[in-house]
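K.L.:
Protein sequence lines correspond, in order, to chains H and L. Counted from 1, the first sequence has number 118 at position 40 by the numbering used here; the numbering is strictly sequential. Counted from 1, the second sequence has number 258 at position 63 by the numbering used here; the numbering is strictly sequential.
Check each hint, because a few of them may be wrong.
Stated by the list, open to error - Here are a few chain L residues that sit away from chain H, every Cβ distance over 12 angstroms (derived from the structure):
1. Gln201
2. Lys214
3. Lys217
4. Gln232
5. Pro256
6. Pro264
7. Asp265
8. Lys266
9. His268
10. Ser281
11. Gln297
12. Pro301
To be verified - Derived pair list, reagent style SDA-like, types lysine to any residue, alpha-carbon separation capped at 25 angstroms:
13. L:Lys204 x H:Ala164
14. H:Lys120 x L:Phe237
15. H:Lys120 x L:Glu248
16. L:Lys239 x H:Pro92
Source of the hints: derived by calculation from the structure; they are not laboratory data. A quick note: this is a predicted structure, and the numbers were derived from the prediction, not measured. Ideal Cβ positions, reconstructed from N, Cα and C, are used throughout, including at glycine.
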Amino acid sequence: KQEVTQIPAALSVPEGENLVLNCSFTDSAIYNLQWFRQDPGKGLTSLLLIQSSQREQTSGRLNASLDKSSGRSTLYIAASQPGDSATYLCAVGPFTGANSKLTFGKGITLSVRP
Amino acid sequence: DTAVSQTPKYLVTQMGNDKSIKCEQNLGHDTMYWYKQDSKKFLKIMFSYNNKELIINETVPNRFSPKSPDKAHLNLHINSLELGDSAVYFCASSRSTTPYEQYFGPGTRLTVT
């Protein structure tokens with residue numbers, strides 16, 4: 079059974095700092111990995127999707143990497159801003175067919191202090 | 196133009212009542228999902244439909260019954276509501292059963308009193 083862990087549960091950093099959010103998973107047989115952002119009281123917004131054959135994906139100040147063999151992914155946020163404050167969740171998609179479903183971590187709540 | 200929409204956004208009701216949450220997506224996706232996010236913010240899948248066919252049914256009480264009248268809609272009906280049903284329910288969609296990128300609705304916060 080796939081388990082996804084995100085540690086720490088919360089993180090507070092000063093504005094402008096570069097930071098890394100970690101995600102680990104127990105079963106390396108994954109199809110892809112997604113990073114989401116959730117603002118308080120809001121739904122999830124997909125940030126980056128990495129296919130199992132890829133090592134990283136970039137979007138603006140965000141860079142996500144994937145190391146399947148070690149069961150790890152990182153989300154790098156450059157030059158953090160107060161607007162980046164949110165909960166960041168990672169989710170892995172299994173390498174199966176019709177019964178595919180994402181397994182989510184519990185998220186990291188990020189606070190960027192002005 | 197909202198991609199995945201849910202109604203209502205908030206739902207407050209008493210124990211024992213029956214309620215429904217509606218979801219619609221205009222992305223042309225053929226797979227839709229219901230997730231439950233509990234008070235500890237843990238997000239877990241409940242159901243998944245592909246082309247109106249149920250393909251994932253997690254260990255969910257049978258008081259919960261999803262219905263998909265067409266590919267663009269997936270509704271969730273809950274009978275005999277209990278206190279433990281209080282949570283945020285998210286609808287999502289993707290273009291296939293393979294775990295392609297999923298798009299989430301804004302959520303419905305259900306409070307059972």
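K.L.:
For His268 (chain L), which was marked as not at the interface, is the minimum beta-carbon distance to chain H over 12 angstroms?
P.N.:
Its Cβ never comes within 12 angstroms of chain H, the nearest being 17 angstroms, so this holds.
K.L.:
The output says Lys214 (chain L) does not contact chain H. Does that hold with a beta carbon cutoff of 12 angstroms?
P.N.:
holds (20 angstroms)
K.L.:
Beyond 12 angstroms on every Cβ pair: is that true for Pro301 (chain L) relative to chain H?
P.N.:
violated (4 angstroms)
K.L.:
Non-interface claim for Pro256 (chain L): all C-beta distances to chain H beyond 12 angstroms?
P.N.:
Non-interface label on Pro256 (chain L) holds, nearest chain H Cβ at 19 angstroms vs cutoff 12 angstroms.
K.L.:
Confirm or reject the statement that Lys217 (chain L) sits farther than 12 angstroms, beta carbon to beta carbon, from all of chain H.
P.N.:
Non-interface label on Lys217 (chain L) holds, nearest chain H Cβ at 15 angstroms vs cutoff 12 angstroms.
K.L.:
When you look at the beta carbon of Gln232 (chain L), is every beta carbon of chain H farther off than 12 angstroms?
P.N.:
violated (9 angstroms)
K.L.:
Holds or violated: is the Cβ of Gln297 (chain L) farther than 12 angstroms from all Cβ atoms of chain H?
P.N.:
violated (7 angstroms)
K.L.:
Verify that the Cβ of Lys266 (chain L) lies farther than 12 angstroms from every Cβ atom of chain H, and report whether the claim holds or is violated.
P.N.:
Non-interface label on Lys266 (chain L) holds, nearest chain H Cβ at 16 angstroms vs cutoff 12 angstroms.
K.L.:
Is the straight-line distance between the alpha-carbon of Lys120 (chain H) and that of Glu248 (chain L) 25 angstroms or less?
P.N.:
It is violated: about 28 angstroms lies between the C-alpha atoms, which goes past 25 angstroms.
K.L.:
Would the least Cβ to Cβ distance between Ser281 (chain L) and chain H come out above 12 angstroms?
P.N.:
holds (15 angstroms)
K.L.:
For Asp265 (chain L), is the shortest beta carbon distance to chain H beyond 12 angstroms?
P.N.:
holds (20 angstroms)
K.L.:
Starting from Lys239 (chain L), check that the Cα of Pro92 (chain H) is at most 25 angstroms away, please.
P.N.:
Violated, at about 32 angstroms.
In this structure, the hints that do not hold are numbers 1, 4, 11, 12, 15 and 16, in rising order.
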